[in-house]
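Asks: Residue strings, one per chain:
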Amino acid sequence: MIDGSDDATRARFFARVSEAVGMRPVKQPEPAYRDAIAFAREAATNGAAEAGALAAAADPAAADKRFARFRERLESAHGRLFTDPDALVAWLAAQGARHGYCDPALAPLLAAALARPGAPSLTFETHLERARIDDYRFGITRAAGAIAETGTIILDDAHTARRLAALAPWIHVAVFAPAQIHAHVIDAIAALGDDPNVIWCTGPSKTADVEGILIEGVHGPGEQIALVVPAVS
Amino acid sequence: MSTHPGGHAPDAVDLFAAAQGEERHAAVRLGSKAGHEKRTEILNRDYADPDDLRRLAGAIKQHALDHLDVYLPRAEAQLRAHGARVHFATDAAEARERVLAIMRARGALRVVKAKSMVTEEIELGPFLAHHGIESIETDLGEFIVQIDDDHPSHIVKPIIHKNRREIANSLERYGLGPYDDTPEVITRRARAYLRNKYLTADAGITGANFVSAESGRLVLVTNEGNSRFCLAATGCHVALVGIEKIVPRDRDLGVLLNVLARSATGQQLSVYTEFMRGPRAPAQPDGHEEMHVIFLDNGRTGVLGSEYREILRCIRCGACLNVCPVYRQASGHAYRSVYSGPVGAVLSPLLAGGDFATLADLPKASSLCGACNEVCPVDIPIPDLLLRLRDRAQQTKDVAGEASAAASAGTSMTAWAEVATRPWAWKGALATGGLVNHLPQALRPKPLRVWGQSHVQPPWRGGAFRKWFAQRSRS
Chain A
0 MIDGSDDATR ARFFARVSEA VGMRPVKQPE PAYRDAIAFA REAATNGAAE AGALAAAADP
60 AAADKRFARF RERLESAHGR LFTDPDALVA WLAAQGARHG YCDPALAPLL AAALARPGAP
120 SLTFETHLER ARIDDYRFGI TRAAGAIAET GTIILDDAHT ARRLAALAPW IHVAVFAPAQ
180 IHAHVIDAIA ALGDDPNVIW CTGPSKTADV EGILIEGVHG PGEQIALVVP AVS
Chain B
0 MSTHPGGHAP DAVDLFAAAQ GEERHAAVRL GSKAGHEKRT EILNRDYADP DDLRRLAGAI
60 KQHALDHLDV YLPRAEAQLR AHGARVHFAT DAAEARERVL AIMRARGALR VVKAKSMVTE
120 EIELGPFLAH HGIESIETDL GEFIVQIDDD HPSHIVKPII HKNRREIANS LERYGLGPYD
180 DTPEVITRRA RAYLRNKYLT ADAGITGANF VSAESGRLVL VTNEGNSRFC LAATGCHVAL
240 VGIEKIVPRD RDLGVLLNVL ARSATGQQLS VYTEFMRGPR APAQPDGHEE MHVIFLDNGR
300 TGVLGSEYRE ILRCIRCGAC LNVCPVYRQA SGHAYRSVYS GPVGAVLSPL LAGGDFATLA
360 DLPKASSLCG ACNEVCPVDI PIPDLLLRLR DRAQQTKDVA GEASAAASAG TSMTAWAEVA
420 TRPWAWKGAL ATGGLVNHLP QALRPKPLRV WGQSHVQPPW RGGAFRKWFA QRSRS
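Protein chains in written order, with numbering that gives the first Met the number 0: chain A, 0 to 232; chain B, 0 to 474.
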């Protein structure tokens, strides 16, 4: 692997930047503008009162509000939400999605739903074969959480067993617990943590490049599903 | 930055428009209008005072620019600490060589690319092709542009100038199935073709919308999921980033992401917002084990050190294009550079450096109506900057020569600009415009004549606003 720029190149580059920035009366180490956190929270919800109601982490009523807001915003972004694995497998079967991938950690959950009387006959693998990527009609992976304000699902390298499993199949199911739903974009930014790669997914992959007409499922999933269940390992 | 070679050079905007035909005019007009309406609706739905949001976003970007000598090294240190290799490229040639060296070191022969204005700016795709590396654009619009050997005509919607029939023809010509202009079929065919490209590529190249100095995170937004595929399917990620993309802290992203998607496409958030620093986690089987970030100057420090610094706040949302009456009429290609519309009229001549004169007519292609400033998510005073640039163009002797040469050859925006920049000429044009309704085709000014060959000219209705305004002022 080739390394970054050498010291001399770097020094020349930064000399130009410093010269361009020029003299300042006072070097200001920290921004003087308004705090972005309070602003984003209040402005984004049209009012501080509602912002507080959504954000109060310990309050069970606030948790319910976050869940309700998440569902509403996810659906308005053309995503779908399930709280019952049985209903999910029935829906998958109705879509004709009879084979897919499931994160090994979630396999017991899926297997239990498929073992119940009357459950449809779906099959799944817990190992993703890249060479057969188009054989997987659905991919079920864990998510790092969600954002109520925008109906967004949060994936990262730590929770999502395979990046490709959450991307290549037509249907992606992200599994997380209600407690993992952040109130606002700004809260999710604060929770980025140490993961090298975090991706927020807000509804299915889409384009409007052809005459401004909305088409879903361009390169990523055409269906973005949230399965919100209390116990996720 | 070089301007587009050949092709458009000797054509006046009017001639250019005539060659495009009414279908293209309609496509650009409708596309930009719809974009503007969606933007306005969602900002007013979600914010009691959208201007407050724009001012804060502008203050964040301005602060970052004013202290770029502090924030850029911070971002660099964070990226290095998280395993990314950081490169600095003074100009386009250095950036291209850097990419090539990375590819050669990996033995990479196939590259998938996400949409990136900076890679357009340095003309990376043709360069890689010249060196035997296949480089495929994966954004649907950019892919069509690539197979048509065309140029993007809008910062966010690269094929705003094409209708579905042209796109269907392009796919058929490229061998992706028989003609079918259903947008869904077009999209599915591109999905199948590009999926194979991702899975067989050796590296993925992207830009970045923002870089946080605090954490080193690059932020990239897309709707299609193509940049995610570039990072999930290949072993090497190369990000090309203009130095103006730095923001001070992660929390500032909360403001900028909220304003970017709403301004660009009328969404709360784009479908995919990806935060990247360093190679994939060790336990993650998919994606890049190698990450390179190339910070690009290419004329930006020149702009940073000038009275035009504010233009570097731009977050490439395209809102000023959508609202601009000149852009709507002329379309993006008329600006003869990567950045079109009002922002391009400022940025393109500045980034052209020594070739300023070749694009010095662009700042004149504005009626200074101020709409670009009103919609700008980072509150850039574009009309002020255009005026300053016009002064600079006047003061530059060789520019005057260039401009008059251009005018006599009937090129560029000059004729339009001459009228738009002089109130008396504008009034005169409005007052006498009605005469055109009665002129026989052969006696019309040449650009209009050419235009008339492919158009039914609508009756002249200009001047009504000025009349109304004069009466209103009197009463």
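No wet-lab data here; the hints were simulated from the structure. Some hints could be false.
Listed next, the in silico SDA-like pairs over lysine to any residue satisfying Cα-Cα at most 25 Å (straight line) [what the hints assert, rightly or not]:
id: 1; chain 1: B; residue 1: K196; chain 2: A; residue 2: R79
id: 2; chain 1: B; residue 1: K32; chain 2: B; residue 2: Q77
id: 3; chain 1: B; residue 1: K196; chain 2: B; residue 2: D45
id: 4; chain 1: B; residue 1: K196; chain 2: B; residue 2: G298
id: 5; chain 1: A; residue 1: K64; chain 2: B; residue 2: D45
id: 6; chain 1: B; residue 1: K196; chain 2: B; residue 2: L108
id: 7; chain 1: B; residue 1: K32; chain 2: A; residue 2: F38
id: 8; chain 1: B; residue 1: K37; chain 2: A; residue 2: D133
id: 9; chain 1: B; residue 1: K196; chain 2: A; residue 2: F38
id: 10; chain 1: A; residue 1: K64; chain 2: B; residue 2: E21
id: 11; chain 1: B; residue 1: K37; chain 2: A; residue 2: R79
id: 12; chain 1: B; residue 1: K196; chain 2: A; residue 2: K64
id: 13; chain 1: B; residue 1: K196; chain 2: B; residue 2: R248
id: 14; chain 1: B; residue 1: K32; chain 2: B; residue 2: E21
id: 15; chain 1: B; residue 1: K37; chain 2: A; residue 2: E74
id: 16; chain 1: B; residue 1: K37; chain 2: B; residue 2: P182
id: 17; chain 1: B; residue 1: K32; chain 2: B; residue 2: L367
id: 18; chain 1: B; residue 1: K37; chain 2: A; residue 2: D134
id: 19; chain 1: B; residue 1: K32; chain 2: B; residue 2: R308
id: 20; chain 1: A; residue 1: K64; chain 2: A; residue 2: A190
Small disclaimer: the values here were computed from a predicted structure and weren't measured.
Asks: Checked against the structure, which of the hints given earlier come out wrong?
Replies: 1, 2, 3, 4, 7, 8, 9, 10, 12, 13, 18 and 19
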